[in-house]
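In case you want the letters, here they are:
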Amino acid sequence: MMNKILSQKFLLIGIILAALVPLIFDNRFYLNIFILILLFATVANAWNVLGGYGGQLSLGHAIFFGLGAYTSSLLFLKSGLSPWLGLLAAVLVSIIAGIVIGFPTFRLKGPYFTLATIAFGEVIRHIALFWRSLTNGSMGVNIPFEPSFTNMIFKEYETYYWLALILFLISLSFMYWVDRTKVGYYLRAIREDQDSAQTLGINTTKYKMIAMILSAGLAGAAGVLYGQYMLYFEPENIFNLNLSIEFVLIVIVGGIGTIYGPLLGAAIVIPLNEILRSSFPMLNGMNFFIYGIVLILIVAFLPNGLLPFLKDLLKGKLLNRKRVKSKIVED
Amino acid sequence: MLLTQTIISGLMIGGIYALISMGLNLILGVVRIINFAHGEYLMIAMYASFLLYSTLGLDPYSSAIIVIILLFLIGLATQKLVIEPILDTPASTKIFVTLGLSIALQNLALMLFNANHRTVHTAYQSKLINIGGITMSLPNIVAFISAIVIAIALYFFLQKTMVGKAIRAVAMQRDAAYLVGINVKRIYILAFGIGTALVGLAGSMLMPIYSVYPTIGTTFVLIAFVVVVLGGMGSMFGAFYGGLFIGVVEALSGLLISPGLKEAIYFIIFILVLLVRPAGIFSRGKGSEEVGLE
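Chains as they are written, first to last, in our numbering: chain A, 1 to 331; chain B, 1 to 294.
Keep in mind that the hints were calculated from the coordinates and are not lab data. The reader is advised that the hints may include incorrect statements.
Computed from the model, here is a short list of chain B residues facing chain A with C-beta under 10 Å [unchecked claim]: (1) I34; (2) K94; (3) F96; (4) H117; (5) Q173; (6) F225; (7) L252; (8) L255; (9) L256; (10) E263.
Yeah, the Cβ is synthetic: ideal placement off N, Cα and C, and Gly gets one too.
All chains should be modelled from the sequences, with the hints used to inform the complete structure.
Structure (structure tokens):
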């Protein structure tokens, strides 16, 4: 009980501090990094529901992210619909895509599911490149910079930051919901042993589908905000397999199947990415090269990610200190 | 006539797909690992071929043997240093390790060679040969013939030689193979080396046809996955026919539907095959259950 109140207090303090960030770092370079951290942490949360809790290792989450960005932007550019309403449409489209992909592929296990999600991603990327009349093909989508609230385009980076923070907090509350309710327990059961879970009477397809809907919808919403923030994207970057891999990498670095792992992962991977990119502008690919190495090392040596590792480290220290204290008392 | 022409050129390029896929499938069937970095070995082979051309002036066909040996050695090293330590980990770990390897190699190439497309220039490159009204380019014919020769050689190696039999034994029954005295780990290393050597040959054959750039592996590895799933996990014949089949499908959908959608078409076929017969059309691959499917 005590613990719960304590962690709630920490959470509240954390949210207040996070909301104050733009006032402290009034600098576009830093704010850009913070916005990207929140956006990528949101998608990583989304991936974590399906991949971390449910064990369905998707390498196709760029699909939902990209569909979100495309849906709201195209509705805005072609029919003048405000991206705020476009957001709803985008989430809906992403969820439908999630159902369409999940329905047939949930029968597949392990690497086959992963391969199928890659294949879906490739199909969508090629269609987006091909269907020029709708998507403008490889020229990409260019949203004119006309700042206004209805256009969801803002001059100030602060506004984007707070929007990204709100979206992240929404995804975080979903994470808490998944973590603490039977949905999460069922998903973990499915991850550990799908056949046993099925035998125990869990409707595995239903719970995987719930995870997929949540996951796709959140990723789609993050895509909308990304599109409105970047104001330009094209199939080769937003439907790219590498982007899907980046979402997964963030979760794995932070801690797969944990609530705060994705945030920690994003807070490490995104700044690393930006710093590497700005300090070695000549060495194109340096950031992804290091990504690859980090991925191998983390998976091989810290398969649960950094968060559980740091927790253990902290607990170990606290325990040691207690032991020292009790020793002193004994003396 | 156009149709025949298209099918023939599809078969020719399918030979290359077959080579790459047989390598992937050998590794999959024996070591039981889905190697996401397989395409990057093709990229390495093509860069090696390109460098031998640009520095020593060797043409891709004459440098093929060097590239094959190089890739064989790189394969041995990969298995020994990267794959062997993670053999007993869950499938997800294996996916992410080979994925990490793929990203690292791809971007190492980007750092070393930047994103420019590199090509070799040879006298025979644009040479066309006309047989009975059907035109084929010389490099495509060479690639196709070498794919067939290697497929047959590999078949006899696996069927008739002692080492080949040991490889098949490990693919079928790892524990039993171990019990009769086969050094399973060494067989793994060898199988991985042969798998990447096949890619070395494919790279040398591709160099006069395509240009090389850091992400070229992604395109081909995805095709190889399609082929392997189509032909059956672990099945060498399946990979060979699957490669030719995908080559033809690609060419035909380019002609009949639209060149811009040919990749989308074979990925749709891939998804359909995964859904209908995940273990493959041609055979129920050995070991497919161990990589996540029964």
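Going down the list of hints, with the structure as the test:
Interface restraint check: B:I34 against chain A, minimum CB-CB distance 5 Å, threshold 10 Å, status holds. Against a cut-off of 10 Å between C-beta atoms, the interface hint on B:K94 holds, since the closest Cβ of chain A lies about 8 Å away. With 10 Å as the threshold, the beta carbon of B:F96 comes within range of chain A, its nearest partner Cβ sitting at about 4 Å, so the hint holds. Hint status for B:H117: violated, given a least beta-carbon distance of 15 Å to chain A, over 10 Å.
Hint status for B:Q173 relative to chain A: violated, with the closest Cβ pair at about 21 Å, above 10 Å. Against a cut-off of 10 Å between C-beta atoms, the interface hint on B:F225 holds, since the closest Cβ of chain A lies about 6 Å away. Proximity of B:L252 to chain A is violated relative to the hint, the smallest CB-CB distance being about 16 Å (cut-off 10 Å). Nearest Cβ of chain A to the Cβ of B:L255: about 16 Å, over the 10 Å cut. The hint is violated.
A cut of 10 Å between beta carbons decides the hint on B:L256: the least distance to chain A is about 15 Å, and the hint is violated. About 5 Å separates the beta-carbon of B:E263 from the nearest beta-carbon of chain A, less than 10 Å, and the hint is met.
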